[in-house]
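Chains as they are written, first to last, in this note's numbering: chain A, 1 to 272; chain B, 1 to 263.
Worth flagging that the hints you see were computed from the coordinates, not collected in a lab.
Do not take every clue at face value.
Stated by the list, open to error - Chain A side only, calculated, beta carbon under 10 angstroms to chain B, not exhaustive:
#1 H166
#2 A172
#3 W180
#4 Y268
To be verified - From the structure, some residues in chain A lie toward chain B, with a derived Cβ separation under 10 angstroms:
#5 L164
#6 Q168
#7 K171
#8 Q173
#9 A177
#10 S178
#11 Q181
#12 M184
#13 I186
#14 Q190
#15 P193
#16 R265
#17 W266
Claimed, not checked - Okay, the calculated beta carbon distance ranges per label pair:
#18 B:S72 with A:D10: 54 to 64 angstroms
#19 B:E53 with A:G135: 53 to 63 angstroms
#20 A:R265 with B:D234: 47 to 57 angstroms
#21 B:G64 with A:A109: 34 to 44 angstroms
#22 A:F254 with B:S72: 41 to 51 angstroms
#23 B:S72 with A:A109: 22 to 32 angstroms
#24 B:A54 with A:W180: 22 to 32 angstroms
#25 B:E53 with A:V11: 46 to 56 angstroms
#26 B:P28 with A:R200: 50 to 60 angstroms
#27 B:A226 with A:T110: 33 to 43 angstroms
#28 A:P21 with B:A170: 38 to 48 angstroms
Glycine included, C-beta positions come from ideal geometry on N, C-alpha and C.
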Amino acid sequence: MRRLINQRPDVLSKLLLAALPFFLVFLAYALASQARLALNPDDKLLPGWTTLMEAINRVTFVPDLREGDYLLLLDTTVSMERLGTGVGIAMAIGFIVGVLQGLIPYIRATLTNFTNVVSMIPALAILPILFITFGLGETAKIVLIVVGIVPFIIRDLAQRVEELPHEQIIKAQTLGASTWQIAMRIVVPQMLPRLIDSVRMSLGPAWLYLIAAEAIAAESGLGYRIFLMRRYLSMDVILPYVAWITFLAFSLDFLLRALRRVAFRWMYRGHM
Amino acid sequence: MTRVTVENVWKTYGRQTVLERISFETAPQSFISLVGPSGCGKSTFLRMLLGDEAPTQGRILVDGVALQAEPSPDRGVVFQKYSVFPHLTALQNVMLGIELGQSPFLGHLFGKRRRAARDASRAMLKSVGLEAAENKYPAELSGGMQQRLAIAQALVKRPKLLLLDEPFGALDPGIRAEVHEILLTLWRETGMTIFMVTHDLSEAFKLGTRVIAFDRRKNRPEELEAYGATITFDLPVMRKIPPPEPVASTEAVEQKPKIAIVR
Chain A
1 MRRLINQRPD VLSKLLLAAL PFFLVFLAYA LASQARLALN PDDKLLPGWT TLMEAINRVT
61 FVPDLREGDY LLLLDTTVSM ERLGTGVGIA MAIGFIVGVL QGLIPYIRAT LTNFTNVVSM
121 IPALAILPIL FITFGLGETA KIVLIVVGIV PFIIRDLAQR VEELPHEQII KAQTLGASTW
181 QIAMRIVVPQ MLPRLIDSVR MSLGPAWLYL IAAEAIAAES GLGYRIFLMR RYLSMDVILP
241 YVAWITFLAF SLDFLLRALR RVAFRWMYRG HM
Chain B
1 MTRVTVENVW KTYGRQTVLE RISFETAPQS FISLVGPSGC GKSTFLRMLL GDEAPTQGRI
61 LVDGVALQAE PSPDRGVVFQ KYSVFPHLTA LQNVMLGIEL GQSPFLGHLF GKRRRAARDA
121 SRAMLKSVGL EAAENKYPAE LSGGMQQRLA IAQALVKRPK LLLLDEPFGA LDPGIRAEVH
181 EILLTLWRET GMTIFMVTHD LSEAFKLGTR VIAFDRRKNR PEELEAYGAT ITFDLPVMRK
241 IPPPEPVAST EAVEQKPKIA IVR
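Using the sequences and the hints, build the whole thing.
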């Protein structure tokens with residue numbers, strides 16, 4: 001008998017094993033839902049498949065009675081716009097400040113402790129301040145996402161810049177590079193793929209801040225909708241929304257990974 | 001022709017003396033091998049030549065001018081590893097030096113100047129035998145090819161000094177001999193002065209026109225902090241390869257093997 005660590009599943013077993021946990025979750029849900037509905041057909045907590053499908057159909061393909069909007073489409077567009085703007089701004093600020101902090105000793109001396117302290121502030125705790133300062137509109141929500149993830153991106157990138165072999169920076173100088181040229185030709189190109197990793201890791205918190213801000217003050221958005229539906233115990237809408245949010249988050253992560261692979265092929269060459 | 005003068009150089013870190021009383025002068029077009037046990041400060045000395053570190057005391061002059069305290073394009077360098085840029089192809093790695101010199105803002109060249117830079121870089125790649133690998137990234141090259149690329153990349157700036165920090169330490173013997181030949185050819189063609197730190201004595205004597213050994217004179221535990229390493233041996237090497245240009249007869253006499261123990 002070989003050791004457990006040396007036993008590897010073949011391709012088919014891998015697929016089946018990967019599908020197993022998902023299948024078990026669906027099975028558990030189906031059984032629990034069936035059991036509850038058998039006791040009380042009006043139970044709202046674990047709706048059956050037909051109820052779920054009806055709700056999905058309603059929010060996706062039937063215009064809303066009040067405004068005539070397709071709710072899922074509207075919520076998705078609004079939320080993705082907030083998330084995209086917030087993450088985009090955070091990327092730009094995080095990249096520029098992170099690279100500067102990692103590369104320039106004077107900026108490092110000035111900012112390192114400050115970024116470390118700021119990154120410890122729980123972003124949700126300053127949400128009231130943001131609402132007071134920026135009002136209940138879009139700005140506060142976007143600023144929350146930015147404030148929440150920028151310190152992490154800065155710290156992560158500054159660290160990656162400092163991890164660049166000192167030899168590379170010396171070599172660039174012997175080739176006549178100025179600080180600007182070192183930044184533009186040596187550091188930035190090697191940091192762009194790191195930025196993508198950093199953003200991928202920030203997406204989880206970004207979603208959290210988005211949904212929290214929408215839950216508290218919004219007129220539309222994925223987070224707003226699930227918290228609105230909670231009042232009516234509409235699990236038939238909440239559950240598909242959660243699944244949809246998960247799918248969106250997963251797709252974003254997948255797209256970023258694909259972008260990294262296509263745009264930075266040097267990272268995947270040879271024996272690295 | 002470059003002459004390097006080292007005047008009574010000391011290097012201390014806090015209370016720890018690493019190097020003391022280092023003085024010597026090199027003849028033009030020398031190939032100096034720096035040898036010594038690990039931790040004797042030979043790499044520290046190379047970093048001072050490079051400008052990455054400044055001497056605590058004393059000074060280093062190149063052609064009578066004191067060295068700047070930061071790396072500059074008149075001094076090329078090849079490290080044991082990490083000398084080439086992983087995100088650039090072999091050709092781009094060599095072109096980088098030309099592009100940086102001619103394009104201060106963008107660091108990229110276009111059109112005619114780009115073509116000129118590319119042709120010069122291709123010629124450089126050919127001289128180290130990498131013309132077939134110009135579109136490969138460093139991670140796709142073997143260790144020996146990476147070091148050849150690093151040499152080509154450094155030489156494209158036509159440095160007066162080439163500094164090598166255990167450049168062949170990680171290569172297997174066959175590849176090492178091959179890179180030695182390439183390096184000697186380039187050295188003869190360019191007439192630059194080379195400093196090479198190595199822990200391999202046969203390599204030091206095979207390549208160098210002069211072998212300088214650093215070591216500590218005082219090794220008692222209570223003396224370790226106060227006394228650093230200094231030059232213990234300084235040997236001219238008889239060249240098996242004829243010198244590149246007919247040198248003055250006085251120098252030829254000096255090239256005779258002699259053992260000058262500086263004690």
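Right, here's what the structure says about each hint:
no. : hint                                   : result
1   : H166                                   : holds, 8 angstroms
2   : A172                                   : holds, 8 angstroms
3   : W180                                   : holds, 8 angstroms
4   : Y268                                   : holds, 9 angstroms
5   : L164                                   : holds, 9 angstroms
6   : Q168                                   : holds, 6 angstroms
7   : K171                                   : holds, 6 angstroms
8   : Q173                                   : holds, 4 angstroms
9   : A177                                   : holds, 5 angstroms
10  : S178                                   : holds, 7 angstroms
11  : Q181                                   : holds, 5 angstroms
12  : M184                                   : holds, 5 angstroms
13  : I186                                   : holds, 6 angstroms
14  : Q190                                   : holds, 5 angstroms
15  : P193                                   : holds, 9 angstroms
16  : R265                                   : holds, 8 angstroms
17  : W266                                   : holds, 5 angstroms
18  : B:S72 with A:D10: 54 to 64 angstroms   : holds, 58 angstroms
19  : B:E53 with A:G135: 53 to 63 angstroms  : holds, 55 angstroms
20  : A:R265 with B:D234: 47 to 57 angstroms : holds, 50 angstroms
21  : B:G64 with A:A109: 34 to 44 angstroms  : holds, 37 angstroms
22  : A:F254 with B:S72: 41 to 51 angstroms  : holds, 46 angstroms
23  : B:S72 with A:A109: 22 to 32 angstroms  : holds, 25 angstroms
24  : B:A54 with A:W180: 22 to 32 angstroms  : holds, 24 angstroms
25  : B:E53 with A:V11: 46 to 56 angstroms   : holds, 55 angstroms
26  : B:P28 with A:R200: 50 to 60 angstroms  : holds, 56 angstroms
27  : B:A226 with A:T110: 33 to 43 angstroms : holds, 38 angstroms
28  : A:P21 with B:A170: 38 to 48 angstroms  : holds, 45 angstroms
Of the numbered hints given earlier, the model fails none.
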